[in-house]
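S.K.: Chains A and B supply the protein sequences, listed in that same order. Its first residue numbered 0, the first sequence is counted upward by one per residue in numbering that gives the first Met the number 0. Its first residue numbered 0, the second sequence is counted upward by one per residue in numbering that gives the first Met the number 0.
Hints may contain errors.
Claimed, not checked - Calculated cross-link-like contacts (lysine to aspartate or glutamate; reagent style EDC-like; alpha-carbon spacing at most 20 Å):
hint, chain 1, residue 1, chain 2, residue 2
1, A, K111, B, D314
2, B, K89, A, E36
3, B, K15, B, D130
4, B, K200, B, D130
5, B, K322, A, E72
6, A, K56, B, D314
7, B, K322, A, E2
8, B, K57, B, D82
9, A, K56, A, E115
10, B, K15, A, E2
11, B, K15, B, E29
12, B, K322, A, D70
13, A, K37, B, E90
14, A, K110, B, E29
15, A, K37, B, D91
16, B, K85, B, E55
17, A, K56, B, E239
Hints were generated in silico from the structure; no laboratory data involved.
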Amino acid sequence: MLEQYGAIAILAGVAFIFPFIPLIASAMIHIRRPTHEKLLAYECGIDTIGRSWVQFKSSYFLYALAFVLFDVETAFLYPWAVVFRSMNAPAFLAMFVFMAILLLGLWYAWKKGALEWK
Amino acid sequence: MQESASLWVGLGRAIKQAVLAATGAPWVAELVHTLAGVVGILSIILLSALVLVYLERKVCAWMQMRLGPNRLGPYGIFQTIADIIKLMTKEDIQPAQVSPVMWGLAPVLLFMAAMTTYAVIPFDAGVIFADLNIGIFFFVAVGSQATLPMLMAGWASNNKYAMVGGMRTVAQMISYEIPLVFSLLGVVMITGSMKMSDIVKAQEGLWFIVTQPIAFVVYLIASVAETNRTPFDLVEAESELVAGPFTEYSGMRWAYFFLAEYAFMVGASCIAATLFLGGWNGPFLPGWIWFFIKVAAMIFLFMWFRWTFPRIRVDQLMSFGWKVLLPLSIVNVVVTGIGLWLFFPLV
Chain A
0 MLEQYGAIAI LAGVAFIFPF IPLIASAMIH IRRPTHEKLL AYECGIDTIG RSWVQFKSSY
60 FLYALAFVLF DVETAFLYPW AVVFRSMNAP AFLAMFVFMA ILLLGLWYAW KKGALEWK
Chain B
0 MQESASLWVG LGRAIKQAVL AATGAPWVAE LVHTLAGVVG ILSIILLSAL VLVYLERKVC
60 AWMQMRLGPN RLGPYGIFQT IADIIKLMTK EDIQPAQVSP VMWGLAPVLL FMAAMTTYAV
120 IPFDAGVIFA DLNIGIFFFV AVGSQATLPM LMAGWASNNK YAMVGGMRTV AQMISYEIPL
180 VFSLLGVVMI TGSMKMSDIV KAQEGLWFIV TQPIAFVVYL IASVAETNRT PFDLVEAESE
240 LVAGPFTEYS GMRWAYFFLA EYAFMVGASC IAATLFLGGW NGPFLPGWIW FFIKVAAMIF
300 LFMWFRWTFP RIRVDQLMSF GWKVLLPLSI VNVVVTGIGL WLFFPLV
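Chain A on its own, in the form it takes in the complex (with noise of 0.2 Å):
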């Protein structure tokens, strides 16, 4: 069980140090002449107005909060999935109160509107 996330950690360091190798290599043989107007935002040559990080609208934020209710009803339900034959009949029924109780949530937003993009 080590052995297996051992080599994952191993694949994971190499695939965070190999993409430098090319960017180096790129880096040696690539022309630079940067000029004032090469370094400005692009905006299709129309000089930027006002600030990029702004405060964003609130719809992104409830998809958000959506997605962080269902994520975790995944975490819960993929040990369920694997067990749930062999299990007596009140704890296969629990599960799906657990599930009515989220799609009631889900309902809830559909009702007042989160899911909406406005």
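Fit chain B to the supplied structure of chain A, relying on the hints for placement.
M.R.: For chain B alone, coordinates are given in the frame of chain A:
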């Protein structure tokens, strides 16, 4: 199947034994064996990107009744080589307004997420980098890390197009993450295991596309959205956002976003082939060739989608994900659960 499966397994074993004989230390042999796996995965990603960049353009050209690349070499097969040379020698502009560390790390981290998902893909019987007991869950968990580099790229570019693109990417990817995860749940319920080798073994008789057709369709749509390809490419909608989060990137850094997109597409095709199309199972041919054929068919389907459907609107995208795919995938889980528990209980 058994005798042919030994090609790659045998190669790995031979490397291990050769190193063990040379050094006499088991941990060195284990390490070299692991590194051989890493090199294998890396070459799969790079080779598939090399071929797919060319194939994508050819397939697109055929669908649009054009010739496609045909200048460099016979049928233009050296087009990708020329692309690589161009990208390597291109000026790598770092605009003055960017947040340098975040901006520079984003393409690297995206590639890292894409490559790490390959750890749990079973290419053939026994040919899997790490056969984790939470295999499919690992794929979902690591695959969803792609949202963070996208947001990093969008935010750190300090550009309005990039910012809107980055925000949209996250909204899109988290919306389609949920149906994707739920659609894979049906397969886990039937198999009773999240281990990739168990899932493939369970499909020796019947592929799960037959028993889980709704889950397959939901997975297919959600994975197109997760890889940000047309019709779900609002992230880089050229006509309105220039190139979304990639607007300020050029040269090799931009190439990593492209490479990661292809790596994710191949990864998603591999998972579809493993979970729904029977993985390495198939008559006559060796397992890895069957796996390759299935993955190639899936990739062709992805390309077909890309050049057939027009881009959808952002509000349609969100309402389709939350109001159609999510309820559909939950109903699939409930129906699968009740059906299995009533007719095939283990107790």
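S.K.: Are K56 (chain A) and E239 (chain B) close enough, with their CA atoms no more than 20 Å apart?
M.R.: Between K56 (chain A) and E239 (chain B) the Cα gap is close to 18 Å, so the pair holds against 20 Å.
S.K.: Is K56 (chain A) close enough to D314 (chain B), meaning Cα to Cα at most 20 Å?
M.R.: 14 Å, holds
S.K.: Does the alpha-carbon distance linking K111 (chain A) and D314 (chain B) stay inside the 20 Å limit?
M.R.: 16 Å, holds
S.K.: For a C-alpha distance cap of 20 Å, please report whether K37 (chain A) and E90 (chain B) respect it.
M.R.: Judged against 20 Å, a Cα distance of about 11 Å means the pair holds.
S.K.: Is the hinted pair K89 (chain B) and E36 (chain A) satisfied, with a Cα-Cα distance of at most 20 Å?
M.R.: 18 Å, holds
S.K.: Do the alpha carbons of K15 (chain B) and E2 (chain A) lie within 20 Å of each other, as the hint requires?
M.R.: 15 Å, holds
S.K.: Checking one constraint from the list: CA of K15 (chain B) to CA of D130 (chain B), max 20 Å. Satisfied?
M.R.: 18 Å, holds
S.K.: Quickly compare the C-alpha distance for K322 (chain B) and E72 (chain A) to 20 Å and report which way the hint goes.
M.R.: 18 Å, holds
S.K.: Straight-line Cα separation of K37 (chain A) and D91 (chain B) no greater than 20 Å?
M.R.: 11 Å, holds
S.K.: Within 20 Å, alpha carbon to alpha carbon, are K200 (chain B) and D130 (chain B)?
M.R.: 13 Å, holds
S.K.: Are the Cα positions of K15 (chain B) and E29 (chain B) separated by 20 Å at most?
M.R.: 7 Å, holds
S.K.: So if I understand the rule, the pair passes when the alpha-carbon distance is 20 Å or less; does K322 (chain B) with E2 (chain A) pass?
M.R.: Not satisfied, since the Cα-Cα distance of roughly 42 Å exceeds 20 Å.
In terms of the numbered hints stated before, the structure departs from hints 7, 14, listed from lowest to highest.
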